[in-house]
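Undergrad: Chain by chain, the residues:
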Amino acid sequence: MQYENRLPEEGINVTRVHPLKQFLLLVIGALVLVVSLVVVLQVSGGWLAKRVPFDFELKVIEELDIEFGHNKQHPQMVTYLNELAQRVAIHMSVPDDMRFQVHYNEDDVFNAFATIGGNLMFYKGLLEDMPDENALAMVMAHEIAHVLHRDPVGALGGGVASTLALLALTGGAGSSMAGSMLSAGSVTSIQFTRGMEEAADEEALAALNALYGHLNGTSALFEMFSDARGPSRRSEQVLERFLSTHPRDQDRVSAVAQRAQAEGWSVEGALTPLPEGFKDWL
Amino acid sequence: MFSLVIQAGIVVSLLVLGYLFGSFAERRHYKKIREREAKGTGLPVIASRYPPQDQRYHQHLVTGSTVVASDYFKNFLAGLVNIFGGRVTPFESLLDRARREAVLRMKDRARELGAAYVFNIKFDTTRIATGRLAAMEVLAYGTAMVPMDKALGLRSALSDDDVLQPGPVHAV
Amino acid sequence: MLVSNLEFLPGRKVVRHLGLVQGSSVRSKHVGRDIAASFKNFFGGELRGYTELLSDSREEATSRMLEQATSLGANAVLNVRYSTSSIAAGAAEIFVYGTAVELAEDVVTDV
Numbered sequence: 001m002q003y004e005n006r007l008p009e010e011g012i013n014v015t016r017v018h019p020l021k022q023f024l025l026l027v028i029g030a031l032v033l034v035v036s037l038v039v040v041l042q043v044s045g046g047w048l049a050k051r052v053p054f055d056f057e058l059k060v061i062e063e064l065d066i067e068f069g070h071n072k073q074h075p076q077m078v079t080y081l082n083e084l085a086q087r088v089a090i091h092m093s094v095p096d097d098m099r100f101q102v103h104y105n106e107d108d109v110f111n112a113f114a115t116i117g118g119n120l121m122f123y124k125g126l127l128e129d130m131p132d133e134n135a136l137a138m139v140m141a142h143e144i145a146h147v148l149h150r151d152p153v154g155a156l157g158g159g160v161a162s163t164l165a166l167l168a169l170t171g172g173a174g175s176s177m178a179g180s181m182l183s184a185g186s187v188t189s190i191q192f193t194r195g196m197e198e199a200a201d202e203e204a205l206a207a208l209n210a211l212y213g214h215l216n217g218t219s220a221l222f223e224m225f226s227d228a229r230g231p232s233r234r235s236e237q238v239l240e241r242f243l244s245t246h247p248r249d250q251d252r253v254s255a256v257a258q259r260a261q262a263e264g265w266s267v268e269g270a271l272t273p274l275p276e277g278f279k280d281w282l
Numbered sequence: 283m284f285s286l287v288i289q290a291g292i293v294v295s296l297l298v299l300g301y302l303f304g305s306f307a308e309r310r311h312y313k314k315i316r317e318r319e320a321k322g323t324g325l326p327v328i329a330s331r332y333p334p335q336d337q338r339y340h341q342h343l344v345t346g347s348t349v350v351a352s353d354y355f356k357n358f359l360a361g362l363v364n365i366f367g368g369r370v371t372p373f374e375s376l377l378d379r380a381r382r383e384a385v386l387r388m389k390d391r392a393r394e395l396g397a398a399y400v401f402n403i404k405f406d407t408t409r410i411a412t413g414r415l416a417a418m419e420v421l422a423y424g425t426a427m428v429p430m431d432k433a434l435g436l437r438s439a440l441s442d443d444d445v446l447q448p449g450p451v452h453a454v
Numbered sequence: 455m456l457v458s459n460l461e462f463l464p465g466r467k468v469v470r471h472l473g474l475v476q477g478s479s480v481r482s483k484h485v486g487r488d489i490a491a492s493f494k495n496f497f498g499g500e501l502r503g504y505t506e507l508l509s510d511s512r513e514e515a516t517s518r519m520l521e522q523a524t525s526l527g528a529n530a531v532l533n534v535r536y537s538t539s540s541i542a543a544g545a546a547e548i549f550v551y552g553t554a555v556e557l558a559e560d561v562v563t564d565v
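Protein chains in written order, with this note's numbering: chain S, 1 to 282; chain B, 283 to 454; chain A, 455 to 565.
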């Protein structure tokens, strides 16, 4: 018997592929996969969440036990805001089981938002700049429209669905992320898409016209937003148009004019002043 | 946001370092392996259970082993491959190197004993788990067949106590 | 003691089989080694500390198997197999087993 060791050809047990090339392909592939997965789940999760009964939203918010704003220290303001919400909501098609709860926050933030369970939050920074009730009612109607369209629960549902999927994909690496999705922080910082914002604006304009008989004050509101943001450079404007969730302030102003013309609504009319002592309630 | 940038920066620099060091080490290791394999063809390693009966041999268990770790780049690449499935190419070369290194070390030991063949070679591969570390041990072992005339000359090397000293450790 | 992973020895006669003998050893390296190894893991290459650890461990397991064989009155262990499994982080079990036999004293049958 002849025993010998011949050397087999090199590289049969290893795949001849440049690691960097493979790396690049896989990274691109993974990114495409993750992005498309997130988009699909965001949409389908949002779609499903909007079919959840409003009662369930109320239960979730109760379960989370979030202390909204500083209502106790400002009872008159909270009463007034809730009363205004009622007046605005009458002119909107609100389902029987839906309720709104307006909260006041004394932080100096130029903002207001809507979240799940029909909770609306108004900040001092916004309220103290309100010139008249028409402008405030426009903001109120806009936020109520978000709740009517079930935008908060939709956005939250989409976020939860995509996070859970990423969690399953990464095998637990994002578990803290999923945990934070259902926390107080996420409930008060929901981002809506621009489409949602435009739909809310449209609904709000109709309600405002029904309430006051004209749209005076709404353009002034959007111009105020523009001023609050400060002048932006041209390049920023272009970027803003693509990235911002809200429509551009100028676009919203022209949308008011177009809508008024199309529907035959008036943009002129007497402005309703804010109630006496409004500044003291802040 | 800032911490996210820092984290991404750390990952990218580890990937670059891992790739540079890892691929350099791999090329150097393969070069050494090829050289040593070419030199070692005179000592056949046979995966047969039936040794030759042409003359009397002294028999001796010989082992060779190595623990290899993957680099950061390979680990990352393997993680990506995992998403889509298919050949985990970064680990193919790692295990190939480890197996060949283990065999070479086993042969070194057999050569020290004056063996003419190593018979019935077996492999044993194990994942060494230390936290997030990915490392593999490859053991190669077999029976060195030492012709009796050489074995008598090396009597001391073949003393009973000495039977199972593992092969010497080489730098990769 | 003769140790081989072949099942028979050409030219030597097995007088009697004395049964299975086995040796095992579970060892781990100290934390410092683990930390050093985890650094090495970024750049790849051989983890020398672990290679030595497992070699030492394998030696111990083998000498335990040989002790068993000696206590049975054997003078050879045939058909030896190694098996390694990682038990926990940084710890590995080496297991070695074979058949203890008694060989006839250097009787040369024809080759």
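Rather than coming from a laboratory, the hints here were simulated on the basis of the structure. Some clues are possibly wrong.
Capping the alpha-carbon separation at 20 Å, the derived lysine to aspartate or glutamate pairs in EDC-like fashion look like this [claimed, not checked]:
hint, chain 1, residue 1, chain 2, residue 2
1, B, 314, S, 227
2, B, 313, S, 128
3, S, 21, B, 336
4, B, 321, S, 83
5, S, 279, S, 55
6, B, 321, S, 10
7, B, 404, A, 521
8, B, 313, S, 83
9, S, 124, S, 227
10, B, 404, A, 461
11, S, 124, S, 62
12, B, 404, S, 227
13, A, 467, B, 374
14, B, 321, S, 9
15, B, 314, S, 10
16, S, 21, B, 308
17, B, 321, B, 374
18, B, 404, A, 556
Undergrad: Decide, hint by hint, whether the structure agrees.
TA: Verification of the hints:
The suggested pairing of residue 314/B with residue 227/S is violated, with an alpha-carbon distance near 71 Å, which exceeds 20 Å. For the hint linking residue 313/B to residue 128/S, the alpha-carbon distance of about 76 Å lies beyond 20 Å, and the restraint is violated. The hinted pair formed by residue 21/S and residue 336/B fails the criterion: a straight-line CA distance of about 53 Å is larger than 20 Å. For the hint pairing residue 321/B with residue 83/S, the CA-to-CA distance comes to about 94 Å; that exceeds 20 Å, so the pair is violated.
Annotation: proposed proximity of residue 279/S to residue 55/S is violated, straight-line Cα distance about 35 Å (limit 20 Å). Note on residue 321/B and residue 10/S: the hinted pairing holds, with a Cα-Cα distance of about 16 Å set against a maximum of 20 Å. Note on residue 404/B and residue 521/A: the hinted pairing is violated, with a Cα-Cα distance of about 23 Å set against a maximum of 20 Å. Restraint check for residue 313/B and residue 83/S: not satisfied, since their Cα atoms lie roughly 83 Å apart, outside the 20 Å limit.
A hinted pair counts as satisfied when its Cα atoms are at most 20 Å apart, and residue 124/S with residue 227/S qualifies at roughly 17 Å. This hinted pair checks out: residue 404/B and residue 461/A have alpha carbons roughly 13 Å apart, not beyond 20 Å. The suggested pairing of residue 124/S with residue 62/S is violated, with an alpha-carbon distance near 25 Å, which exceeds 20 Å. At roughly 79 Å between alpha-carbon atoms, residue 404/B and residue 227/S are farther apart than 20 Å, so this suggested pair is violated.
A distance of roughly 43 Å separates the Cα atoms of residue 467/A and residue 374/B; the hinted pair therefore is violated under the 20 Å criterion. The hinted pair formed by residue 321/B and residue 9/S meets the criterion: a straight-line CA distance of about 16 Å does not exceed 20 Å. Note on residue 314/B and residue 10/S: the hinted pairing holds, with a Cα-Cα distance of about 13 Å set against a maximum of 20 Å. With a C-alpha separation of about 17 Å, the suggested pair residue 21/S and residue 308/B falls inside the 20 Å cut-off, and the hint holds.
For the suggested pair residue 321/B and residue 374/B, the alpha carbons sit about 24 Å apart, so the restraint of at most 20 Å is broken. Proximity of residue 404/B to residue 556/A is assessed by CA-CA distance (about 24 Å); at most 20 Å being required, the pair is judged violated.
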